[in-house]
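Asker: Construct all of the structure, not just a fragment, from the sequences and the given hints.
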Amino acid sequence: MDDVLDVRDLRMRYGKTDVLNGVSFAAQRGEVLVLLGPNGAGKTTTIEILEGFRMRSAGEVSVLGTDPAHGGEAWRARTGVVLQSWRDHAKWHVRELLAHLGRYYAPYSTPSVMRPWDVDDLIETVGLTPHARKRVRNLSGGQRRRLDVAIGIVGRPEVLFLDEPTAGFDPEARREFHDVVHRLTDLEQTTILLTTHDLDEAERLADRILILAGGTIIADGSADELSRAMSGQSEVRWSRDGQQFVHAADDATAFVRELFRQYGESVEDLEVRRASLEDTYMALVRQAEHGVPRRLTVVAA
Amino acid sequence: MNPALVAARAGLSRGWIEFKQTLTTPRDLISILITTGTFLAVMIWTRHTHVPGTHFSLGTATLVSVLALDVVYYGVVTMGDLIVVEREDGTLLRAKAIPNGMLGYLLGKVVNFSGQIAFAVAILLLTGAFLFTGLAIGSPGSWLTLAWVLALGLLATLPLGAVLGSLFPSQRSAGPWWLLMLGGLTAISGVFYPITHLPVFLQWAGQVFPMYWLGLGMRSALLPNAMAAVEVGHSWRHLATFGVLSAWAVAGLVLAPVVLRRMARRESGSSVAARREKAMRR
Numbered sequence: 000m001d002d003v004l005d006v007r008d009l010r011m012r013y014g015k016t017d018v019l020n021g022v023s024f025a026a027q028r029g030e031v032l033v034l035l036g037p038n039g040a041g042k043t044t045t046i047e048i049l050e051g052f053r054m055r056s057a058g059e060v061s062v063l064g065t066d067p068a069h070g071g072e073a074w075r076a077r078t079g080v081v082l083q084s085w086r087d088h089a090k091w092h093v094r095e096l097l098a099h100l101g102r103y104y105a106p107y108s109t110p111s112v113m114r115p116w117d118v119d120d121l122i123e124t125v126g127l128t129p130h131a132r133k134r135v136r137n138l139s140g141g142q143r144r145r146l147d148v149a150i151g152i153v154g155r156p157e158v159l160f161l162d163e164p165t166a167g168f169d170p171e172a173r174r175e176f177h178d179v180v181h182r183l184t185d186l187e188q189t190t191i192l193l194t195t196h197d198l199d200e201a202e203r204l205a206d207r208i209l210i211l212a213g214g215t216i217i218a219d220g221s222a223d224e225l226s227r228a229m230s231g232q233s234e235v236r237w238s239r240d241g242q243q244f245v246h247a248a249d250d251a252t253a254f255v256r257e258l259f260r261q262y263g264e265s266v267e268d269l270e271v272r273r274a275s276l277e278d279t280y281m282a283l284v285r286q287a288e289h290g291v292p293r294r295l296t297v298v299a300a
Numbered sequence: 000m001n002p003a004l005v006a007a008r009a010g011l012s013r014g015w016i017e018f019k020q021t022l023t024t025p026r027d028l029i030s031i032l033i034t035t036g037t038f039l040a041v042m043i044w045t046r047h048t049h050v051p052g053t054h055f056s057l058g059t060a061t062l063v064s065v066l067a068l069d070v071v072y073y074g075v076v077t078m079g080d081l082i083v084v085e086r087e088d089g090t091l092l093r094a095k096a097i098p099n100g101m102l103g104y105l106l107g108k109v110v111n112f113s114g115q116i117a118f119a120v121a122i123l124l125l126t127g128a129f130l131f132t133g134l135a136i137g138s139p140g141s142w143l144t145l146a147w148v149l150a151l152g153l154l155a156t157l158p159l160g161a162v163l164g165s166l167f168p169s170q171r172s173a174g175p176w177w178l179l180m181l182g183g184l185t186a187i188s189g190v191f192y193p194i195t196h197l198p199v200f201l202q203w204a205g206q207v208f209p210m211y212w213l214g215l216g217m218r219s220a221l222l223p224n225a226m227a228a229v230e231v232g233h234s235w236r237h238l239a240t241f242g243v244l245s246a247w248a249v250a251g252l253v254l255a256p257v258v259l260r261r262m263a264r265r266e267s268g269s270s271v272a273a274r275r276e277k278a279m280r281r
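Protein sequence lines correspond, in order, to chains G and X.
Read in numbering that gives the first Met the number 0, the first sequence has 9 at position 10, and its numbers run on one by one without any break.
Read in numbering that gives the first Met the number 0, the second sequence has 216 at position 217, and its numbers run on one by one without any break.
Keep in mind that the hints were calculated from the coordinates and are not lab data.
One or more hints might be untrue.
To be verified - Here are the simulated DSBU-like cross-link-like pairs (lysine-lysine), alpha carbons at most 30 Å apart as the crow flies:
1. X/K277 <-> G/K133
2. X/K277 <-> G/K15
3. G/K133 <-> X/K19
4. G/K15 <-> X/K19
5. G/K90 <-> G/K133
6. G/K90 <-> X/K19
Unchecked claim - Covered stretches of chain G, going by a simulated chain X footprint (3 or more residues, C-beta under 8 Å):
7. 84-93
8. 100-113
Glycine is no exception: its CB is placed at the ideal position from the N, C-alpha and C atoms.
Answerer: Structural data, given as C-alpha cells:
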C-alpha cells in the first residue's frame, strides 16, 4: 500500500451534532495536502483524529499503515505534529530543547531514515542559527513558530501535521515558512497535511487541495484543476472609446476573437481573468451550504 | 537500544536541566528563599519557648517538623501546580507528541522536584545547625533515618501531586484548593505544635495523611530520643511511619499512571488553543 494517509468514510459526532459525516481522502508519499474550509467545518477535528489525539465516531483511518487510535510509540516516532507554542518551555534554550526532544527518536533510527535530525543542521534549516542560544521566551513570535516547526520535524517524520501553522505570521515569516515546507517535501519526501484559511498559501504549497464543508469533502484536486473544473467562466474586461466593459464568458477565447472581429483596433486595456482559487472556493462553499450535494473530484490529466 | 530506557535517560537529564533552571531563575530561587526564610523567622521567634512538658526548644522542634511541610509543599503542591500549568500551556501535549515523551516528562518532574526538596531541606538544616541547639545531627543513624524517611516521603508525595494536578482544569481554579489543603494539613499534622495537644478526633485525622508521619520520621531522626515522650504513644513508631508512608506511595504510584493517562488522552492542539484564548481574554 503506497498511501501514507488513507481516510475512508470518517465520521465524528459530538452529542447530537455530526461534525464529520463521511470524509474520505488519501495521500501518497511526498504529497502536500491542504485542507481548506469555513470555521467549524471540522478541519481541526480531522487533523486531530489523524494525529491520534482524538477518537473518531466511525470510519476507517490509516496513517503510515496504522490506525492512529492504536498507534504505539514506534508509530508516533514516524509522525510529526507542529503545535502552536504559547509559553511552554520558556526557560529552555533553543538548541538545548531541540537536542533534548531529539533524543527520544534515536532508538527509532533506520538505515534509510537517520533519527533524530542533526540539531545544528535542523536549526539552520528553520533559520534559527542566530538564535540557537536564546531562551525560548526571548524569541519573537515568528521565531517561536519556526521553533514549533523544528520541534515537529526533529524526528524526521514521514508524515507531518500542521494545524493553521501560519496564523499570525507576518508576510516575511510566512514566506520563510513556505520555504521550509518546500525543503521538507523536496529533500525528505515528507507527506504533509496542513490546514489554513489563507487561500494564497494553499495555492502556493498544495499539491492537492481538499475543501471541507458541511462535514464532508466537497472538492479534491490541485488549485488549477479546481478552478478549471468548477467554473468554465472567465471574466473579460476591456475598454472602448473611453468606456469600461466587463463580461463573464464561458469560452473566453472565442469571446475575445469575436470582440476583435467586431471592434478591431478600438478595443483597449484587454484583461482576461480565469476564476481564482478564491472564486472557486467561495462558489463551492456556498453551494455546499445551500445543500447541493456533490463532490468535485479532479483526476490529474 | 530500548526506547523506554532512552526516554527514561532523557527524562533524568530533563529533570536535571529543569532543576538547574529553577536555581538560575531569580524568581524561582527567591520564592524558595522567601518560603524558607519565613519558616526560619517563626522558629527564631519560638526559639526560647519550650515544647510543652519538656525543656526542649520549640524552635528546634519546629525546624525539624517544617522539613515535613517542605516535602509536602514541593512534592504535592508545587508539583501538582506545575502539572496544571504545563497542561494548560501545552508542555504536556508536546510530551505526548513524541515517542515515550510522557515517561520522560514525568521522570523529569520527579528528578526536578526531588532536587528542589533536597535543596530546601539542606538550606533549613544548614542554617538550623548554626542557629539552633539540640539537633541530633552527629550520628550516622540520624542521617540514615533522615534518608529513608525523605526517600519514602518523595515516593508518597510526588505521585500524589501529579494525581491532584491532573484533576484541576486550570491554575486559577487550583490555587485556593492548594492553600486550603496545605493550611489544613499543617494545622492537624503537629508541625508547629505537638499533635498530642489537639482534640483526639483531629489527632486521628492528622494521622491519616503523610505530612504527620513525615514530621514524626524527621523528628525521630534529628531530635534527641527523649523527645519521643511528647509523641502519640510516647514512641517514634518507625514501623507505622514506614507503613503509612508506603501505603500513600503505593496508592500514588498505582493511581498516577491511570489518572495521568486519562488526562493526557484528552489533550490536543485545540484544547490547548482554547485555554490560551481563555487566558488571553482575562
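Asker: Could you run down the list of hints and mark each one as holding or not?
Answerer: Structure-based check of all given hints:
Between X/K277 and G/K133, the direct Cα distance comes to roughly 28 Å. Compliance with the 30 Å bound is thereby established for this hinted pair. Note on X/K277 and G/K15: the hinted pairing holds, with a Cα-Cα distance of about 25 Å set against a maximum of 30 Å. This hinted pair checks out: G/K133 and X/K19 have alpha carbons roughly 16 Å apart, not beyond 30 Å. Between G/K15 and X/K19 the alpha-carbon distance is near 50 Å, which puts this suggested pair outside the 30 Å criterion.
For the suggested pair G/K90 and G/K133, the alpha carbons sit about 9 Å apart, so the restraint of at most 30 Å is met. Annotation: proposed proximity of G/K90 to X/K19 holds, straight-line Cα distance about 10 Å (limit 30 Å). Chain X is given as covering the stretch 84-93 of chain G, and this holds because 7 residues of the stretch bring a CB closer than 8 Å to a CB of that chain, at least three being needed. Against chain X, the stretch 100-113 of chain G contributes 7 residues with a C-beta closer than 8 Å to a partner C-beta. That satisfies the three-residue criterion, and the hint holds.
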